[in-house]
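Visitor: Here the protein sequences come in this chain order: A and B. In this text, residue positions in the first sequence follow the numbering used here: the first is 1, and each later residue adds one. In this text, residue positions in the second sequence follow the numbering used here: the first is 1, and each later residue adds one.
No lab work stands behind these hints: they were computed from the structure. Careful: at least some of the hints might be erroneous.
What the hints assert, rightly or not - To be clear about the criterion: a stretch of chain B counts as covered by chain A if any three or more of its residues have a C-beta under 8 Å from a C-beta of chain A, and this derived list gives those stretches:
| id | segment |
| --- | --- |
| 1 | 2–10 |
| 2 | 30–44 |
| 3 | 70–80 |
| 4 | 99–108 |
| 5 | 120–131 |
| 6 | 293–303 |
| 7 | 312–319 |
Everything numeric in this text was worked out from a predicted model, so none of it was measured. Note that beta-carbon positions come from the ideal geometry of N, C-alpha and C, so glycine has one too.
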Amino acid sequence: MEWLGLYNYWVFAIVLMLGIYTVIAKGNLIKKLLGLSIFQSAVFLLYITMDKVDGGTAPIIEAGVSNQVFSNPLPQVLILTAIVVGISTMALGLAIVVRIKEAYGSIEEHEIQAKDEYR
Amino acid sequence: MMVLFSVFLLTLLVITAIAIIRTTDLFVAVMLTGIFSLLMASVFFILDAADVALTEAAVGAGISTVLFLGALALTGHNERSLRPGRWLAVPVVVAAALIVYATFDNPRLGDPEAPVHQHVAPWYLEQTPELIDIPNVVTAILGSFRGYDTLGEVFVVLTAAIGVMMLLGTRHGSAASPVRPASASNGLRHHLIPRVLGRLLIPFIVLFGLYVQFHGEYGPGGGFQAGALVAAAIILYALLEGEGPALTVVPLSTIAAMMAGGALLYVLVGLAGIVLGGNFLDYSVLLSNPVSGQHLGILLIELGVGVTVCGCLLSIFHAFAARDIH
Numbered sequence: 001m002e003w004l005g006l007y008n009y010w011v012f013a014i015v016l017m018l019g020i021y022t023v024i025a026k027g028n029l030i031k032k033l034l035g036l037s038i039f040q041s042a043v044f045l046l047y048i049t050m051d052k053v054d055g056g057t058a059p060i061i062e063a064g065v066s067n068q069v070f071s072n073p074l075p076q077v078l079i080l081t082a083i084v085v086g087i088s089t090m091a092l093g094l095a096i097v098v099r100i101k102e103a104y105g106s107i108e109e110h111e112i113q114a115k116d117e118y119r
Numbered sequence: 001m002m003v004l005f006s007v008f009l010l011t012l013l014v015i016t017a018i019a020i021i022r023t024t025d026l027f028v029a030v031m032l033t034g035i036f037s038l039l040m041a042s043v044f045f046i047l048d049a050a051d052v053a054l055t056e057a058a059v060g061a062g063i064s065t066v067l068f069l070g071a072l073a074l075t076g077h078n079e080r081s082l083r084p085g086r087w088l089a090v091p092v093v094v095a096a097a098l099i100v101y102a103t104f105d106n107p108r109l110g111d112p113e114a115p116v117h118q119h120v121a122p123w124y125l126e127q128t129p130e131l132i133d134i135p136n137v138v139t140a141i142l143g144s145f146r147g148y149d150t151l152g153e154v155f156v157v158l159t160a161a162i163g164v165m166m167l168l169g170t171r172h173g174s175a176a177s178p179v180r181p182a183s184a185s186n187g188l189r190h191h192l193i194p195r196v197l198g199r200l201l202i203p204f205i206v207l208f209g210l211y212v213q214f215h216g217e218y219g220p221g222g223g224f225q226a227g228a229l230v231a232a233a234i235i236l237y238a239l240l241e242g243e244g245p246a247l248t249v250v251p252l253s254t255i256a257a258m259m260a261g262g263a264l265l266y267v268l269v270g271l272a273g274i275v276l277g278g279n280f281l282d283y284s285v286l287l288s289n290p291v292s293g294q295h296l297g298i299l300l301i302e303l304g305v306g307v308t309v310c311g312c313l314l315s316i317f318h319a320f321a322a323r324d325i326h
């Protein structure tokens, strides 16, 4: 069952590439942003996978209990803030998409490009 | 047992991601993203990251879904793709195979000898009880040891919210018109069950948000999670009762003051450290006892973070909601 210890990383690799595929292969701008958010989640998964220690618990120290094993708090801090920053930047992306829709009447990449060439 | 559960959740995660990509109805895709985030939050929880799981559940499954739906209302929910670009799957599969091949050199999940556990992390775990004396090490690192990072991230959130306001305009701007479609302004008022259940839930979500804010030093939680939770409660109110009543409860001027005020509070706490003879964001000098000073400093900056995050998320929501459908 040695391979089970790598399963998280494999899921990271697959989800990461599914995200990338959506960004490069889909023409709809909202779909691209959804792909970006999947891509981002995969990176979060990688970091949080690295924090786990066998037999460990969440890094909250209990008074009077010694010999506790804690998982690594540092990746958690990094990802905690990254999630909130991620939603803010995603909102900025959505706002740009809304403005593109108002300017071009479409959020499909090929239609926007066709309009640009026509001008 | 836990391992099997984890494998099950991760497999579901991949299936959900594939479903998001395959569907051409963006409405379905956004709802699946909510499920994706919830699964991700469960995985984080199993991996001992309680704080991160709380954040992902509040932000990913809650607010992110609402923002995407708000954008869909303005752009339409049908994906019309003439260019499938299926051949792009080939390099993507090759890259995925390469990453999977590379993982065979990775330390196994939970290996205590992994390099990531050898560097500064043990120092944080050892020194937190002595220097800061709060149980939650994640909050100690976030607020004190790496306070600079957190300050920067708060300003990234603030900048993004300002960017959304500039792109979409606020209600004060010319983009807003008094004539709005009835369905948008009245929310779900005519739906009895969501309205009754929502009204029952909102006070408890706000209460839980406040608990998470002020108990974040002792249990999972802190400013980022609390800000997202309180914002989610107010957004739920706006969805149920319509935007007008929500803006009566928390007006745009209050939201703007929250956005700027929280970040300002954070910077002022940092500057207070300099004035009192320490370094920027050194809380030990705030009170005569260094450990109490750390407690006070972390409490104040977490409050600043919570207020800014809540204000920013609300302003982003209102920017999308106030935009007229062209």
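Visitor: Could you tell me which of the hints above the structure violates, numbers in ascending order?
Guide: 6
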